[in-house]
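Colleague: Top to bottom, those sequences are chains A and B.
Note that the first sequence covers residues 132 to 370 in our numbering.
Note that the second sequence covers residues 285 to 589 in our numbering.
Since the hints were derived computationally from the structure, they do not count as laboratory data.
Glycine residues also receive a C-beta, built at the ideal position from the N, C-alpha and C atoms.
It cannot be assumed that every hint is accurate.
[As the list claims (entries may be wrong)] Stretch by stretch, here's where chain B covers chain A in the computed footprint (C-beta under 8 Å, at least three residues): (1) 178 to 186; (2) 321 to 330.
[To be verified] Which chain B residues face chain A? A few, computed with CB under 7 Å, are given here: (3) Met-422; (4) Lys-424; (5) Ala-425; (6) Pro-476.
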Amino acid sequence: MIRVSNLKAAYGKIEALHGISFHVEKGEIVTLIGANGAGKSTTLKALMRLVPPEAPTVTGGDITFDGASILGMPAHRIVSDIRMTLAPEGRRIFGNLTVMENLQLASWSRKGESTDKEIQHVFELFPRLAERARQRSDTLSGGEQQMLAVGRALMTKCSVLLLDEPSMGLAPLIMYDMFRTLKRLNAEGLTIIVVEQNAHLALKVADRGYVLDTGEIVAEGPAEELLHRPEIKAAYLGG
Amino acid sequence: MEFFLQQCVNALQWGSFYALIALGYTLVYGVLRLINFAHGDVFMVGAYLAFFISTGLLAPEGMFGFSRELALILTIPLTMILTSLVGVTLERVAYRPLMRKGAHRLYVVITALMCGLILENGNLALLGASRRTLPELMDKAVYHIGGITVTNLKLFVVLAAILVFFILHFIVTRTRMGMAMRAVSWDKFALPLMGIPLDRVVVFTFVLGSSVAGLGGLLFAMSYPVLDPYMGATTGWKAFIAAVVGGIGDIRGAFVGGFLLAIVEVMVAAFLPSTYRDLYAFSILLLILWHRPTGIFGKPLTAKI
Chain A
132 MIRVSNLKAA
142 YGKIEALHGI
152 SFHVEKGEIV
162 TLIGANGAGK
172 STTLKALMRL
182 VPPEAPTVTG
192 GDITFDGASI
202 LGMPAHRIVS
212 DIRMTLAPEG
222 RRIFGNLTVM
232 ENLQLASWSR
242 KGESTDKEIQ
252 HVFELFPRLA
262 ERARQRSDTL
272 SGGEQQMLAV
282 GRALMTKCSV
292 LLLDEPSMGL
302 APLIMYDMFR
312 TLKRLNAEGL
322 TIIVVEQNAH
332 LALKVADRGY
342 VLDTGEIVAE
352 GPAEELLHRP
362 EIKAAYLGG
Chain B
285 MEFFLQQCVN
295 ALQWGSFYAL
305 IALGYTLVYG
315 VLRLINFAHG
325 DVFMVGAYLA
335 FFISTGLLAP
345 EGMFGFSREL
355 ALILTIPLTM
365 ILTSLVGVTL
375 ERVAYRPLMR
385 KGAHRLYVVI
395 TALMCGLILE
405 NGNLALLGAS
415 RRTLPELMDK
425 AVYHIGGITV
435 TNLKLFVVLA
445 AILVFFILHF
455 IVTRTRMGMA
465 MRAVSWDKFA
475 LPLMGIPLDR
485 VVVFTFVLGS
495 SVAGLGGLLF
505 AMSYPVLDPY
515 MGATTGWKAF
525 IAAVVGGIGD
535 IRGAFVGGFL
545 LAIVEVMVAA
555 FLPSTYRDLY
565 AFSILLLILW
575 HRPTGIFGKP
585 LTAKI
């Protein structure tokens, strides 16, 4: 469904991705793992066609969705037309809006349609958000903010969800909850690409994985197999 | 007492002008964290546009030859629309390309200053130094309430400013576009991820701010019919200060700041030697800022400008 071929991306003159290739098929959970600065977030931002200075400029290669290049598309059309969105690193929820407003805003591209059903779905996945619907979202705890970030992404009615470090700063129990929810969403048909520093957890839930190192893919394979490869165990899974 | 109340009426009128301009400063700052220093000159352009539109509509030998009432009713929306085009053009031609390239906000602010100078001097080059006089668009009526005199024009100005305030407040707090504007002010980066075109939200913000400045220009020209290219620099700067004192980024702040500045100015001029009006007025505002650096409604931010 998504095919990235020989993708090169740079921040200014500094090249962050040196020609990476990978693909994601419909209904899969694919994870990108690797150390800090390996290019994981950069890859997701390039996929979303976000613009500098926060996102890189694509300097080579191609990204296709169902065979058609999406390089010329602005980010908001990736969301509204391709139905792919990103729950970014650090959550980036709109702290000056209420929980409900955050959710409503994300249904922008479906102007006029009723959003009650989707909001109910989000509240069913994350009951805590329902309790706090009228609250300003910067008063939420870290875990709740991550729930809102994912819930908000779902409100775009995405069929592909990119997640950048969803486990960051979460207590273990909440983290496992989050990944269980992702698993459930995947069972409902959502395609997921998840970037994680917690490689063990990511490989446990993913179907396939890619290992990035300084802007290049150094290993790939079924998640189960990556989990047991000695060199990956040593480098990313703490022995 | 009557003298004091009469001064209050005058202050309300001036406060309306300041508020109408300050609203544009505060909207753009609130959404983009950009101080659009060309905004005072957009107000000036609005006054000139009102002059050309109303003169054209009223010209007896022209193809229209409208009555004054009809001319006024048409001049209001036409001025607002054309002025908003000026604001949007500035955004499109000057600010957007810079921000696209990731330029620091300081460069955009300086570009805005420059755009203001271009508008002022462009006007001077185009129209010459002779001052223009706006035709009368309203039959003057004077009301006496107690010992105070109020003209229908003053009433019109103040009511217009109040109406604009409530409309803007409604847009920002109750509509989808307003929600998006508030979201941009918090985090520009995440907005496209919601499927929302950032540019459209920014353009809408400039349309709001500039059209209100255009209305301000028209009302100002109706009250003080002699126009000159530097009226945006003087009145516009004061309105900017009013926005800062009110707490830039907050619509209520622009409104309150505008009226506060006008009251201080008018009262200083009424009871103290008027030569020192600006000195006293701005010293008082400085004291307020000293006490509350973020303005009356402002909240501290980590990075300003």
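Colleague: Confirm or reject each hint.
Modeller: Here is what the structure says about each hint:
Counting residues of the region 178 to 186 of chain A whose beta carbon lies closer than 8 Å to any beta carbon of chain B gives 6, which reaches the threshold of three, so the coverage claim holds. Coverage of the region 321 to 330 of chain A by chain B is violated [criterion: at least 3 residues with CB-CB distance below 8 Å; count 0]. Using the Cβ-Cβ criterion of 7 Å, the hint placing B/Met-422 at the interface with chain A is not satisfied: the shortest such distance is roughly 40 Å. Because the beta carbon of B/Lys-424 sits about 46 Å from the nearest beta carbon in chain A, more than 7 Å, this interface hint is broken.
For B/Ala-425, the interface hint is violated, since its Cβ never comes within 7 Å of a Cβ in chain A; the closest pair sits about 45 Å apart. Nearest Cβ of chain A to the Cβ of B/Pro-476: about 4 Å, under the 7 Å cut. The hint holds.
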